[in-house]
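Peer 1: With these hints in hand, go ahead and build the complete structure from the sequences.
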Amino acid sequence: MPTHAYIPHAPGYVDNDGPKIVTSRFPHEDSYTLERYEATGGYDGLRAALAKKPSEVHDDVREATVLGRGGAGFPAGVKWGFMPPGKFPYYLVVNGDESEPGTYKDRLLMERDPHQLIEGCLITCYALGLAQCFLYVRGEMALAQERIAQALNDAYEKGLVGKNILGTHFSVDITLTWGAGAYIVGEETALIESLEGNRGMPRLKPPYFPAAIGLYGQPTIVNNVETLSNLPWLMVNGPSQYKTYGSADSPGTRMIAVSGHVNRPGVYEIEQGVTTFRELFYGDNFCQGIRDGHELKMFVPGGGSAPWFFPEQLDLPLEARPVGAAGSMLGSGAIMVMDETTDAVKAALRLVRFYARESCGKCTPCREGTTWEERVLQRILDGEGRPSDIDMLLDIADNISPGPYPNAADPSQGLEAVPFPPKQTTICPLGPSSVAPITSTIRRFRHEYEAKITKRDSIPVAAAPVEAGS
Amino acid sequence: MSRFSDANLAIATDIISRYPVKKSALIPLLHLAQEQDGYVTDDAMRHIAELTGTTPAEVKGTGSFYEMFKFHPVGTYMVNVCTNLSCQLLGGEELLDHAEKTLGVKAGGTTADGMFTLEDVECIAACTEAPCLQVNYRYKLRMSHDEFDQMIEDLRSGRADDIPAHGTLATIRQAIPAGKGAGIVPPEDAREAPVWLARNDSSEEG
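If you read the sequences in order, they're chains A and B. Letter 123 of the first sequence, counting from 1, is numbered 122 in numbering that gives the first Met the number 0, and no numbers are missing. Letter 57 of the second sequence, counting from 1, is numbered 56 in numbering that gives the first Met the number 0, and no numbers are missing.
Rather than coming from a laboratory, the hints here were simulated on the basis of the structure. Heads up, the beta-carbon is just placed ideally off N, CA and C, and yes, glycines get one too. Heads up, some of the hints might be wrong.
Said to hold, decoys possible - These stretches of chain B come out as covered by chain A in the derived footprint (C-beta under 8 Å, 3 or more residues):
no., stretch
1, 72-78
2, 87-99
3, 124-135
4, 171-177
Peer 2: Following this line, the structure appears as structure tokens:
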């Protein structure tokens, strides 16, 4: 027997007290099977939806204000409404290409409860008159692909997907398709390009939504895995019940992955707008404090793209609006916590390197800018930094995402000095995302940068040829 | 090297049939080619171009964008160590250093016996279980250095039977049972609203 079990049961998921909408089946060992799914109310949501008119199902989703869980937080019902009438066929594309640093809720949903996702797809297809759905899963997630393939086979066999579903006129095909390792494919227009068999590069906008022109030039809805996984519960329990969870602006729950220096890292289902960061990090029901009695230094509140937060922001609730007003975002629901032992420059470099590696190369400010940022940070870390490097970093950042930048001379400047949302000079937000770690750390920990720039007097200020960082 | 075998050609034909446009099957077919030979060969790319009505240049152009496709032989086991922020905070870089020492190759290299290719990868979505790695895209979580050495030993001696060879990503395939599929309709033939929408909901736009 191998010494290391291949995927232990629901790794990372922590079953805590609190409302459960999408993770209710996770504690079951066999939650991914059709038997378990049907024994726990599976496909009741689809039956409830089929008993209504398609437009009524759409109204329910609109009324419940189901916000997209992929990152941007756009209301799903409103997005669905952007489909131009009468331009059949329409397509549904499920975005399961989750690769934002820190994020892994979608992987758990696909591995632990694939039928819930399939049911969500069917409900969407019914509401909008879609006859074909593509389920795009990130390439590296072998287990998720296997579980979804098995679930689709079982569902086809049972007549839950395919022709005349549950004996009605409703017919839909769901195709499982998978990527091959490219972060940018998580951007919806890049995902469509990839699905068409091309390099996964984002499309020029407008149109701003693929709902107008998407896959094969037809109206296309791209929804996130967690968003669709909410729908079966919503159909069974109704919008008013859904709105009893969370806050008025952001109803329902969210899956949040907390990683890094906490005592109990994990994926938690929390109520939006109710739980605060402090409760999440220190609460007994959640992460149970920073590891080994260390102090919190900083945290990334919503995936690698989000500007960083510091201890002052601990009392904000996890909800789009207050987090946005404080200058960051909840994005993909990933929180990375760093204690006082963390080197701010090194941490910033690691995220910047991610964006430099994953840039698709289509837009110059991103392709060149992210690489340049990485090199400058690397040389600062190597002790080869120049006095002008901090300003140079801010200057590069300003070229990728123009806006007011933090001024070290005025420490009273709030976090709002970091431009957010990013003002893009690129087609998609990947390049501008690389700016957040740099501006966040320079504003707060400029002294750490300065301490590393040791050879202040011996190196000329002008830019010299740069050696690539290792 | 090789084109698709008869068995794989049947799978390829089935995959192509699930898309309204043949070219969409390009990425799944590249995976299939990698499953057959361990990497994507030039002949496989030519074959895929024939099957999807594209050119070999288009196939390579698309395939080379994606990190998972290898166009040259790699080890039986791809050992992908994550060093992104969450893993870095809990020892991901040290784990990579250790892996380089144990395997005797730098990140990107393949061991002399052709067993292992080591890679330094970006976030693999197991952040709360850091430091983590994937071996042929199967997770190994919260890896200590000793566990890493043990795992390599197990793989060398054929004891780690939970990890298939490189390229074989999903052992279970989607198979639409005969007569159960709704039938993929090419865009030109599907300009009408589906019957359930028309029947229940005639002119109301959702």
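Peer 1: All the hints need checking, so say for each whether the structure fits it.
Peer 2: How the hints compare with the structure:
no. : hint    : in the structure
1   : 72-78   : violated (count 0)
2   : 87-99   : holds (count 3)
3   : 124-135 : holds (count 8)
4   : 171-177 : holds (count 6)
Violated hint: 1 only; the structure is consistent with all others.
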